[in-house]
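There are 2 protein chains.
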Amino acid sequence: MSERWKVVIVGGGFGGLSAAQHLNSNLVDVTLIDRRNYHLFQPLLYQVATGSLSAGEVASPLRSVLSRQKNTRVWLGTVVDIDPDSKRVVLADGTIVPYDSLIVAAGSQTSYFGHNEWQEWAPGMKSVEEATTIRHKILYAFEVAERISDPEQRRAWLTFVIVGAGPTGVELSGAIAEIARQTLKNDFRSINPEEAQIILLDGAPRVLMSFPEDLSQKASHSLAKLGVQLRCGAMVKQVDEEGLTIESDKQTDSIAAKTVVWAGGIAASPLGKILASHTKAETDKGGRVKVNPDLTIPNYPDIYIIGDLASAMDRKEKPLPGLAQVAMQGGAYAAKAILRKVKGQSELPPFHYFDKGSLAVIGRAAAVADVFGAHLSGFIAWLVWVFIHLMYLVTFQSRVLVFIQWAIQNLTFSRGARLITGAAPTDFNFTKELSEIKPASTNAPR
Amino acid sequence: MSERWKVVIVGGGFGGLSAAQHLNSNLVDVTLIDRRNYHLFQPLLYQVATGSLSAGEVASPLRSVLSRQKNTRVWLGTVVDIDPDSKRVVLADGTIVPYDSLIVAAGSQTSYFGHNEWQEWAPGMKSVEEATTIRHKILYAFEVAERISDPEQRRAWLTFVIVGAGPTGVELSGAIAEIARQTLKNDFRSINPEEAQIILLDGAPRVLMSFPEDLSQKASHSLAKLGVQLRCGAMVKQVDEEGLTIESDKQTDSIAAKTVVWAGGIAASPLGKILASHTKAETDKGGRVKVNPDLTIPNYPDIYIIGDLASAMDRKEKPLPGLAQVAMQGGAYAAKAILRKVKGQSELPPFHYFDKGSLAVIGRAAAVADVFGAHLSGFIAWLVWVFIHLMYLVTFQSRVLVFIQWAIQNLTFSRGARLITGAAPTDFNFTKELSEIKPASTNAPR
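The listed protein sequences correspond, in order, to chains A and B. Under numbering that gives the first Met the number 0, the first residue of the first sequence is numbered 0, with each subsequent residue one higher. Under numbering that gives the first Met the number 0, the first residue of the second sequence is numbered 0, with each subsequent residue one higher.
Because the hints were derived from the structure by calculation, they are not lab data. Wrong hints could be hidden among the right ones.
A pair counts as met if it fits within one copy or between any two copies, since identical chains are not told apart.
PhoX-like mimics (lysine-lysine), calculated; alpha carbons at most 25 Å apart, straight line [said to hold, decoys possible]: (1) K236 - K69; (2) K340 - K69; (3) K5 - K224; (4) K272 - K355; (5) K136 - K125.
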């Protein structure tokens, strides 16, 4: 094989995958490195957390997505360092991968704002494993509540708190409300799943802060109808085994809740800081690397940073949001820029993000959408949401199944993926929980 | 509520669930206790292990299966003891559940014939977690092989050994052969997945010993066509990180293999021994409890043992096999016997197992079937298999999806559930593996 221009892409999320797909040219050799063997469709992860979908339905193996692209290889590996001067990427196992052009799309991770100890009690919503943990917690809480009679304890088990009222938090709380009210309706004997309280918290004054205000209001309305309690303007002060402490209007308040989900904040991958230290690039307070208008790092025209790891500005000098769309467009831009360079063509104009709009689903058949400036809500918005997600998903093989499954669920309210897997629950904490709290009865169930 | 006759069922597998469903009568109160919140359709577990199906597609929450049956409650709990004299079941958390009639359907677990240390290197095929582990190992082996160049190491990573040539072993080896030859065909750059060796081992002289000999031969033939190497009459002497040592014809031989799956043997749940010690019942060498012709324990007419935990005899005094069919029929029998007793009706005649036949799938569209005495093979047998499994699965909600998915896969050879989940692979052993063995190259991939 000839020595073709070597492009290394770090990360197989929306940005990295988009870049790889736009580099489908025999002028370049592409190596995509990810810690996972799959691309995760994060906007649907809340459906895994709530048992509507299986992990396999919201993720596609990177190898199979890219299998037809013969210039591209996929490596399973963790990037621990990047040397911008010798142009090499270093993996955790010591493997060194040289590049001619580098695209860093390492994304973001959940941030507890300096309180990583909260993670134990309030898992985030970024990975398949976290989504599975949350599903486990939700379903398990109902199982425990079924077996205890102390009303206070029961209430704590049946209280679900979601921290962060962005799209993920809104979607998750709507879905939990539906599980409680509909899916599990006939499944229990001692408890009534409607006893469940679902609380959605945010420090901001309204839900969906990134949306226009009228859509925020519509979303609040829809959530209230589903039985979700909204607490805006509330800051989390403490999270532990028993629940959480919040502060709003300078009043402290505690909520007894056995299930807390953190959809509250994100921070850039630590790779951003590593790269910045080598290149003297600046980072913003979220740890994102400040990039040039063409998404490269100052003084390093061969290193592109795209997606959640990049701090890029739009034309009004406002930072671009951490959205899949931004990452995908950034990936496409970087790929095109590299191909032009290899071909000896002139440089591209600066990156410009084209905002197609934002969407958030609320429950079974409602949503809010801000699409090309039009504000939609209710069922119409939901149809737009389904259409857009369908468009994206069918680009991967047989993802159409996901939609068949949704259709069935929308008709039946049932959820196919309601399994509590992982360590056998009775072995790891059910026993403990139930021996600490008094069992419901030592008599026969009736 | 009145004090109705209390039936406790231990275990929600084929036997326990069948018993619960046949106890759908307002004469009895039923409590079904299981460590898991779901019923697992074990015959399809190999499809989870090979990435064709997600766990949610081969398992149904017990609660939803039984939600319409108002006399039945489902408890998540581990039974640790049974006191047959005071008629009480004891759970791990100390909860005591009294019964009037007890059905013990605790099933079986993987047996390593005294070598539990092999489990680390050769997971069994009994649970969702084990199937997920096996999937992880299989897919991961290809990932590692893609990155190393040493031919010997590569060969070990691309060698898959399945111990035990019963239906599970046959189905699993056929499916792995297809993954290697078809599904991953275009996904790798350095390796050719066809380099993979799939070896199916058994101590017995032929595969599928429980089937008629002509069908065994047909199965061997089909496996060979798929590229599976058969090694019958081979005993496993040792399993470790590097592979396994086998003995056949008094010759010892070692096979370097990074992926070994144990489909080799089962032993009864430890609950059998506990129960036998209290009741003075006998157990057979597999730990199964010897029962009366009506499936009760001698001197304890209110304790039924069904399924894999029971050592019951057929009319020819041959022990009944550990099959789903036997468990289901036993569960139905015990349920009917209890209802007759509650109604004050005469006793049932002894349990008689009605053998409808056996089936095993080999690869994508072939099987062997011994159905009502007719010996079928190839595509016809596969159709019978699909039909029978479909019949069973559609009794649970929306399981029809599984078949849509199969149909798509049969057309495309793709597998939707090929995710490596769990601890991030790079963090837990990929790094270790690759730093121990020499990396493929310190140069760029081309």
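Status of each hint after checking the structure:
Taking CA atoms no more than 25 Å apart as the test, K236 paired with K69 passes in neither setting, with 52 Å inside one copy and 43 Å between copies. Proximity of K340 to K69 under the C-alpha cut-off of 25 Å is restricted to the intra-copy arrangement: shortest distance 21 Å within a copy versus 70 Å between copies. In the homo-oligomer, the alpha carbons of K5 and K224 never lie at most 25 Å apart, since the shortest distance is 54 Å inside one protomer and 41 Å across protomers. Proximity of K272 to K355 under the C-alpha cut-off of 25 Å is found in neither arrangement, the shortest distances being 30 Å within a copy and 65 Å between copies.
When the C-alpha separation of K136 and K125 is checked against a cutoff of 25 Å, the pair qualifies both within a copy, at 16 Å, and between copies, at 24 Å.
In the structure shown, a violation is registered for the earlier hints numbered 1, 3, 4, in ascending order.
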